[in-house]
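Whenever a hint applies, use it, and build me the whole structure from the sequences.
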Amino acid sequence: MDKSSIAFTGTIPEYYDKYFVPIIFEEYAENLAGRVSIPDGGNVLEIAAGTGVATKHLRDKLSPNVQLVITDINPSMLEKAKSKFSDDENMIFQKEDASNLSFADNSFDTIISQFSMMFFPDKLSSLIEAKRVLKLGGKYIFNIWDSFEHNHVAETIHETVLRLSPNNPIKFFDVPYSYYQIDEIKRILYEAGFGDITISVLPRVSKAPDAKTVAKAFIEGSPVSLQIIDYEGLELADAVNKVERAISKKYGTGEIEGKMQAIVFEATLPN
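Numbered per numbering that gives the first Met the number 0, the sequence shown finishes at 270, counting up by one with no gaps.
If you're looking for bench data, these hints aren't it; they were derived computationally from the structure.
Cβ coordinates follow ideal geometry from the N, Cα and C atoms, glycine included.
You may find that some hints are simply not true.
[Stated by the list, open to error] In silico DSSO-like links for lysine-lysine, alpha-carbon gap of 27 Å or less:
1. 83 with 55
2. 206 with 249
3. 248 with 211
4. 83 with 215
5. 60 with 81
6. 55 with 122
7. 94 with 134
8. 211 with 185
9. 55 with 130
10. 249 with 211
11. 94 with 60
12. 206 with 60
13. 248 with 215
14. 60 with 83
15. 170 with 258
16. 17 with 94
17. 55 with 94
18. 170 with 122
19. 258 with 248
20. 258 with 17
[Stated by the list, open to error] Simulated DEER-style distance windows between Cβ atoms:
21. 62 with 241: 45 to 55 Å
22. 131 with 240: 44 to 54 Å
23. 164 with 60: 42 to 52 Å
24. 244 with 127: 41 to 51 Å
25. 62 with 254: 33 to 43 Å
26. 235 with 82: 16 to 26 Å
27. 241 with 208: 16 to 26 Å
Put into structure tokens, the structure is as follows:
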């Protein structure tokens, strides 16, 4: 992947948070945060927090005496997340690379990460780092997207985006929706040193008020927008319109509903 394929810069964080989060991320973020159980005085590390959607649910669920350490490799996304919280909350925000964390060994009671594993270039290294900074008996809880077969709106958009430039197709959405092989993920979790792995498959329905909102979410709220801008002969507004038409053709012009599905992994570090 080139840099633009994973860069969440410019106006992307705003569009991501305004349009993308309510359509596909919010419900899963609440579910992920709901799996965390930490006593007073404990701490949680969030890796690749994005604009802080899961962060908000962690803050709301856990005791204010639990410290939240919120990280992301994209400064623009991290700044958007930080802007949602007050300075007096028990939270730290800092830029971190999931495969090269700056924290000491055995630092955290729990680690969570929402829809990020798919983007890590070296997934095993990221798991080894998570294991290193996790306390014995602690949990790493993360989710991933299932395949396009189970994420219908995303599949329609992916197919439409591919047709925007047939000779040099934009394949960004291959990344978040192509790493769903449960046995392979379990294998590298065990290789990294985790045990007692629990897996949950969560089918849900994504909803949006109209096709335009969906198009703005998936195109202007993702690095696809940067790739379109980089391509000679492609215009961002035209791409959004084409995606809107494709969604309207398949789902109608009113409220949009389509199946989505995620997989949650809860892996415990043995004592």
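Comparing the hints with the structure gives:
1. 83 with 55: holds (8 Å)
2. 206 with 249: This hinted pair holds, its Cα atoms lying about 14 Å apart.
3. 248 with 211: Given that 27 Å is the threshold and the Cα spacing comes to 12 Å, the pair holds.
4. 83 with 215: holds (22 Å)
5. 60 with 81: The hint holds at about 18 Å.
6. 55 with 122: holds (26 Å)
7. 94 with 134: holds (21 Å)
8. 211 with 185: violated (38 Å)
9. 55 with 130: It holds: about 24 Å lies between the C-alpha atoms, which stays within 27 Å.
10. 249 with 211: It holds: about 13 Å lies between the C-alpha atoms, which stays within 27 Å.
11. 94 with 60: holds (24 Å)
12. 206 with 60: holds (24 Å)
13. 248 with 215: Cα-Cα ~16 Å, so holds.
14. 60 with 83: holds (16 Å)
15. 170 with 258: Holds, because 21 Å separates the two Cα atoms, which is no more than 27 Å.
16. 17 with 94: holds (22 Å)
17. 55 with 94: holds (18 Å)
18. 170 with 122: Distance ~20 Å between residue 170 and residue 122 Cα, so the pair holds.
19. 258 with 248: Holds, at roughly 17 Å.
20. 258 with 17: holds (21 Å)
21. 62 with 241: 45 to 55 Å: holds (48 Å)
22. 131 with 240: 44 to 54 Å: The hint (44 to 54 Å, Cβ to Cβ) holds, given that residue 131 and residue 240 are roughly 47 Å apart.
23. 164 with 60: 42 to 52 Å: holds (43 Å)
24. 244 with 127: 41 to 51 Å: Taking Cβ atoms as reference, residue 244 and residue 127 lie about 45 Å apart, which means the hint holds.
25. 62 with 254: 33 to 43 Å: Taking Cβ atoms as reference, residue 62 and residue 254 lie about 38 Å apart, which means the hint holds.
26. 235 with 82: 16 to 26 Å: The hint (16 to 26 Å, Cβ to Cβ) holds, given that residue 235 and residue 82 are roughly 25 Å apart.
27. 241 with 208: 16 to 26 Å: Between residue 241 and residue 208, where Cβ atoms are some 20 Å apart, the hint holds.
Violated hints amount to a single one, hint 8; each of the other numbered hints is respected by the structure.
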